[in-house]
Amino acid sequence: MNFQAVKAIYIFEMTRFFRTMLQSLISPIISTSLYFVVFGAAIGSRIDQVDGVSYGAFIVPGLIMLTVMTQAISNASFGIYFPKFIGTIYELLSAPISFFEIVLGYVGAAATKALFIGGMILLTANLFVDLEILHPVAMVAFLVLTCLSFALFGFIIGIWAKNFEQLQLIPLLVITPLVFLGGSFYSISMLPPIWQTVTLFNPVVYLISGFRWAFFGTADVSIGVSLLAIGLFSGLCLGLIWWIFKTGYRLRS
Amino acid sequence: MSAILQTIDLCKVYDKESGTAFEALKNVNLSIEAGEILALLGPNGAGKTTLISTLCGLVSPTSGTATVGGFDIVHDYRQARALIGLVPQEISLEPFEKLINTVKFSRGLFGKPRNDALIERILRQLSLWDKRNDRIMELSGGMKRRVLIAKALAHEPRVLFLDEPTAGVDVELRKDMWNIVADLKSDGVTIILTTHYIEEAEAIADRIGVINKGEILLVEGKAKLMARMGKKELRIDLQDPVASIPEGLARYHLALGNGGQSLTYSYDTRGERTGITGLLADVAAQGLVLADMETRQSTLEEIFTDLVREDAA
Ligand SMILES: Nc1ncnc2c1ncn2[C@@H]1O[C@H](COP(=O)(O)OP(=O)(O)OP(=O)(O)O)[C@@H](O)[C@H]1O
Ligand SMILES: [Mg+2]
Numbered sequence: 074m075n076f077q078a079v080k081a082i083y084i085f086e087m088t089r090f091f092r093t094m095l096q097s098l099i100s101p102i103i104s105t106s107l108y109f110v111v112f113g114a115a116i117g118s119r120i121d122q123v124d125g126v127s128y129g130a131f132i133v134p135g136l137i138m139l140t141v142m143t144q145a146i147s148n149a150s151f152g153i154y155f156p157k158f159i160g161t162i163y164e165l166l167s168a169p170i171s172f173f174e175i176v177l178g179y180v181g182a183a184a185t186k187a188l189f190i191g192g193m194i195l196l197t198a199n200l201f202v203d204l205e206i207l208h209p210v211a212m213v214a215f216l217v218l219t220c221l222s223f224a225l226f227g228f229i230i231g232i233w234a235k236n237f238e239q240l241q242l243i244p245l246l247v248i249t250p251l252v253f254l255g256g257s258f259y260s261i262s263m264l265p266p267i268w269q270t271v272t273l274f275n276p277v278v279y280l281i282s283g284f285r286w287a288f289f290g291t292a293d294v295s296i297g298v299s300l301l302a303i304g305l306f307s308g309l310c311l312g313l314i315w316w317i318f319k320t321g322y323r324l325r326s
Numbered sequence: 003m004s005a006i007l008q009t010i011d012l013c014k015v016y017d018k019e020s021g022t023a024f025e026a027l028k029n030v031n032l033s034i035e036a037g038e039i040l041a042l043l044g045p046n047g048a049g050k051t052t053l054i055s056t057l058c059g060l061v062s063p064t065s066g067t068a069t070v071g072g073f074d075i076v077h078d079y080r081q082a083r084a085l086i087g088l089v090p091q092e093i094s095l096e097p098f099e100k101l102i103n104t105v106k107f108s109r110g111l112f113g114k115p116r117n118d119a120l121i122e123r124i125l126r127q128l129s130l131w132d133k134r135n136d137r138i139m140e141l142s143g144g145m146k147r148r149v150l151i152a153k154a155l156a157h158e159p160r161v162l163f164l165d166e167p168t169a170g171v172d173v174e175l176r177k178d179m180w181n182i183v184a185d186l187k188s189d190g191v192t193i194i195l196t197t198h199y200i201e202e203a204e205a206i207a208d209r210i211g212v213i214n215k216g217e218i219l220l221v222e223g224k225a226k227l228m229a230r231m232g233k234k235e236l237r238i239d240l241q242d243p244v245a246s247i248p249e250g251l252a253r254y255h256l257a258l259g260n261g262g263q264s265l266t267y268s269y270d271t272r273g274e275r276t277g278i279t280g281l282l283a284d285v286a287a288q289g290l291v292l293a294d295m296e297t298r299q300s301t302l303e304e305i306f307t308d309l310v311r312e313d314a315a
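Those protein sequence lines, which keep their order, are chains A and B.
Per our numbering, residue 74 is the first one in the first sequence, and the count goes up by one each step.
Per our numbering, residue 3 is the first one in the second sequence, and the count goes up by one each step.
Source of the hints: derived by calculation from the structure; they are not laboratory data.
Hints are not guaranteed to be accurate.
[Said to hold, decoys possible] Pairs of lysine to aspartate or glutamate residues, derived as EDC-like cross-links and limited to a Cα-Cα distance of at most 20 Å, are as follows:
#1 A:Lys157 / B:Glu19
#2 A:Lys80 / B:Glu96
#3 B:Lys146 / B:Glu96
#4 A:Lys235 / B:Asp17
#5 B:Lys224 / B:Glu99
#6 A:Lys235 / B:Glu19
#7 B:Lys226 / B:Glu312
#8 B:Lys224 / B:Glu274
#9 A:Lys157 / B:Glu92
#10 B:Lys146 / B:Asp178
#11 A:Lys80 / B:Asp118
#12 B:Lys187 / B:Glu158
#13 A:Lys319 / B:Asp74
#14 B:Lys233 / B:Asp308
#15 B:Lys100 / B:Asp136
#16 B:Lys146 / B:Glu92
#17 A:Lys319 / B:Asp17
#18 B:Lys106 / B:Asp78
#19 A:Lys157 / B:Asp74
#20 B:Lys106 / B:Asp136
#21 B:Lys28 / B:Glu38
#22 B:Lys177 / B:Glu201
#23 B:Lys133 / B:Asp118
#24 A:Lys80 / B:Glu99
#25 A:Lys80 / B:Glu158
#26 A:Lys235 / B:Glu96
#27 B:Lys233 / B:Asp189
#28 A:Lys319 / B:Asp78
#29 B:Lys106 / B:Glu140
#30 B:Lys133 / B:Glu99
#31 B:Lys233 / B:Glu296
#32 A:Lys157 / B:Glu99
[To be verified] Cβ-Cβ distance ranges computed for the label pairs, FRET-style:
#33 B:Ser129 / A:Thr249: 48 to 54 Å
#34 B:Gly47 / A:Leu305: 45 to 51 Å
#35 A:Leu200 / B:Asn135: 16 to 22 Å
#36 B:Val15 / A:Lys319: 15 to 21 Å
#37 B:Ser129 / A:Ser326: 32 to 38 Å
#38 A:Leu305 / B:Asp17: 31 to 37 Å
#39 B:Tyr16 / A:Ile159: 44 to 50 Å
#40 A:Met74 / B:Arg137: 29 to 35 Å
Please read these numbers as outputs of a predicted model, since none were measured by experiment.
All residues carry an ideal CB built from backbone N, CA and C; glycine is no exception.
Just chain A, with the same shape it has in the complex (with noise of 0.2 Å):
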């Protein structure tokens, strides 16, 4: 194991991130302090509790995993493409690591980033409405586990991506979509029961679903479930990244 090259991509690329942290951190809060406003004062204060929890609480959970996918999908995306954009990836090409290293490297910085602008929306939130968190440990694990399993399939977009407009596609296309009926705003309850069905589809909801019950301790599904996808969809994007380097796919010619 090249702990060194570990070590180096993961500080290089934490570099790049702590040089620009105004800009990587004032757009979430901004537009997470936004859906506080809109979501949680103007159409919160005409919705009663949801599940016994106030409108304003409620959506916390889902506005938190809501900005810690995309940042760790954009995070791990451009950190990979970026080199490939302009041809710096050379060097981890040649360089004596593993696929695994690599992957260790810029997902680990990926997922951090994300992990670091998470916790800036938790205290941004916290300004705006009373929160009690159930049970912490379990919030931590399901925000971590979230934030890596998101910079791994965002680290595949990166590779796929040919030019820019690529690199937002995905993102642009599937995960926005799927964040916002997965729950983020409303109870799956809420929806009519054909609708609760096809929702039952879309991974995201078990991610919602269990981080809610992290902090409020209900949950659409159960938690055993919403473990079981994250680790299914890590698993599958793992599997997936490992193809791509033993084939050397859009890497090596």
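Following the hints, put chain B with the ligands in place on chain A, whose structure we already have.
Below, chain B with the ligands without anything else, positioned relative to chain A:
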């Protein structure tokens, strides 16, 4: 001495996006001794970069094998690559990073622990130390090329690939580069470089390899090849045309051209004597009046064409 780098029937076929296949390397068999400097010459598209990229792990070989320091480049890639430093042809650097950070990053990537003294020595040697805190995008093209070299040296490679290290580099810096190569050689580093400048190969290489259309045409000691490349031509334009080459000039094996108006003499600049003085005296003795004279040296391209033609014959 033993071979530090060896390729056996190394082949590369590119699958182009258009769906066609392109044979960029054809059964390349190379053996490079530890500590030697090999200059790889060849026209554009000959396969120089492809060969280097294959050995460094950027391109997967289609068939054949290669070893570096006895380690297979595919199966024992960790050990093999740890020995290799690469300075790519294209300048690719993170534009927003600090110079020194990108160099330190390279060292870490190759699994080496931090060594600030070494990094300082490398940067000083490349006259980059004063620029260490500059962002890459603030550097000139020649400086960026030196940063690439610093990155390649940061992990103390035993085999260094330099893909056109002096393209777009000024004369002074080119000389600096040659000195650096000489220093590395004295440390026992094996160097494989590509260049389009014959004088560069002449100045620093021990052996010269010529590659064309994916095939190694020859690998030969410098002195031997230089003799072949040292051919020059002297063209004498005459005031009045002659019908044939005068008897008295037969021993110079001149070629008559331009309707009898010019005589062309081929000679070897490396020979003891070029024979020019004698020729000019004899031309005058024949009563021929000179209108003009011109000498020209075969260009690298011409030499390649010659080699390729010889190869085909
Ligand atoms: N990724 C690729 N896909 C398809 N064909 C390629 C690829 N890379 C190189 N080639 C082709 O392989 C041949 C050899 O290219 P290579 O870059 O090795 O040449 P070179 O000898 O380094 O030339 P130059 O002196 O111009 O740098 C060329 O015909 C080139 O078009
Ligand atoms: Mg080239």
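Each hint tested on the structure:
1. Among the hinted pairs, A:Lys157 with B:Glu19 is consistent with the structure: their alpha-carbon atoms are about 18 Å apart, no more than 20 Å.
2. With a CA separation close to 18 Å, the supplied pair A:Lys80 and B:Glu96 stays within the 20 Å bound.
3. Straight-line distance between C-alpha atoms of B:Lys146 and B:Glu96 comes to about 11 Å, which keeps the hinted pair within the 20 Å bound.
4. For a cut-off of 20 Å, the pair hint linking A:Lys235 to B:Asp17 stands: about 17 Å separates their Cα positions.
5. At roughly 41 Å between alpha-carbon atoms, B:Lys224 and B:Glu99 are farther apart than 20 Å, so this suggested pair is violated.
6. Restraint check for A:Lys235 and B:Glu19: satisfied, since their Cα atoms lie roughly 13 Å apart, inside the 20 Å limit.
7. Of the pairs offered as hints, the one joining B:Lys226 and B:Glu312 holds, with about 16 Å between alpha carbons and a cut-off of 20 Å not exceeded.
8. At most 20 Å may separate the alpha-carbon atoms for a hinted pair to count; B:Lys224 and B:Glu274 meet this at roughly 18 Å.
9. Distance hint between A:Lys157 and B:Glu92 is fulfilled; the C-alpha atoms sit about 13 Å from each other, no more than 20 Å.
10. A C-alpha spacing of about 15 Å is found between B:Lys146 and B:Asp178, which places the hinted pair at or below 20 Å, so the restraint holds.
11. For the hint linking A:Lys80 to B:Asp118, the alpha-carbon distance of about 17 Å falls within 20 Å, and the restraint holds.
12. Between B:Lys187 and B:Glu158, the direct Cα distance comes to roughly 13 Å. Compliance with the 20 Å bound is thereby established for this hinted pair.
13. Restraint check for A:Lys319 and B:Asp74: the C-alpha separation of about 17 Å stays at or below 20 Å, so the hint holds.
14. For the hint linking B:Lys233 to B:Asp308, the alpha-carbon distance of about 12 Å falls within 20 Å, and the restraint holds.
15. Distance restraint check for B:Lys100 and B:Asp136: the Cα-Cα separation of roughly 5 Å lies within the 20 Å cut-off, and the hinted pair is therefore satisfied.
16. Only pairs whose Cα atoms come within 20 Å are accepted, and B:Lys146 paired with B:Glu92 is accepted, the gap being roughly 10 Å.
17. Between A:Lys319 and B:Asp17 the alpha-carbon distance is near 17 Å, which keeps this suggested pair within the 20 Å criterion.
18. Our distance criterion of 20 Å between C-alpha atoms is broken by B:Lys106 and B:Asp78, whose separation comes to about 25 Å.
19. Of the pairs offered as hints, the one joining A:Lys157 and B:Asp74 is violated, with about 26 Å between alpha carbons and a cut-off of 20 Å exceeded.
20. For the suggested pair B:Lys106 and B:Asp136, the alpha carbons sit about 14 Å apart, so the restraint of at most 20 Å is met.
21. Simply put, B:Lys28 and B:Glu38 have alpha-carbon atoms about 24 Å apart, too far for the 20 Å limit, and the pair is violated.
22. Distance check on the hinted pair: B:Lys177 and B:Glu201 sit about 11 Å apart at the alpha-carbon level, within 20 Å; holds.
23. For the hint linking B:Lys133 to B:Asp118, the alpha-carbon distance of about 16 Å falls within 20 Å, and the restraint holds.
24. As the CA atoms of A:Lys80 and B:Glu99 are separated by approximately 17 Å, the hinted pair is consistent with the 20 Å bound.
25. For a cut-off of 20 Å, the pair hint linking A:Lys80 to B:Glu158 stands: about 19 Å separates their Cα positions.
26. Distance check on the hinted pair: A:Lys235 and B:Glu96 sit about 19 Å apart at the alpha-carbon level, within 20 Å; holds.
27. Under the criterion of a C-alpha separation no larger than 20 Å, the hint pairing B:Lys233 with B:Asp189 is inconsistent with the structure, at around 35 Å.
28. Taking the CA atoms of A:Lys319 and B:Asp78, the gap is about 15 Å. The hint holds against a cut of 20 Å.
29. The straight-line distance between the Cα atoms of B:Lys106 and B:Glu140 is roughly 18 Å, inside the 20 Å bound, and the hint therefore holds.
30. Of the supplied pair hints, the one linking B:Lys133 and B:Glu99 holds, its CA atoms being roughly 12 Å apart against a limit of 20 Å.
31. Between B:Lys233 and B:Glu296, the direct Cα distance comes to roughly 14 Å. Compliance with the 20 Å bound is thereby established for this hinted pair.
32. With a C-alpha separation of about 16 Å, the suggested pairing of A:Lys157 with B:Glu99 holds against the 20 Å cut-off.
33. Against the hinted window of 48 to 54 Å, the Cβ-Cβ separation of B:Ser129 and A:Thr249 comes to about 50 Å, which satisfies the hint.
34. For the pair B:Gly47 and A:Leu305, the beta carbons lie near 47 Å from each other, so the given range of 45 to 51 Å is met.
35. One distance hint, 16 to 22 Å for the beta-carbon pair A:Leu200 and B:Asn135, is violated here, with the actual separation near 39 Å.
36. Between B:Val15 and A:Lys319 the beta carbons are some 19 Å apart, a value that agrees with the proposed interval 15 to 21 Å.
37. The beta-carbon spacing between B:Ser129 and A:Ser326, approximately 35 Å, falls within the hinted interval of 32 to 38 Å.
38. Checked against the hint of 31 to 37 Å, the C-beta distance between A:Leu305 and B:Asp17 comes to roughly 33 Å, which is consistent with it.
39. Taken as a hint, the range 44 to 50 Å is violated for the pair B:Tyr16 and A:Ile159, whose Cβ atoms sit roughly 22 Å apart.
40. For A:Met74 and B:Arg137, the hinted distance range of 29 to 35 Å is satisfied, since their beta carbons lie about 32 Å from each other.
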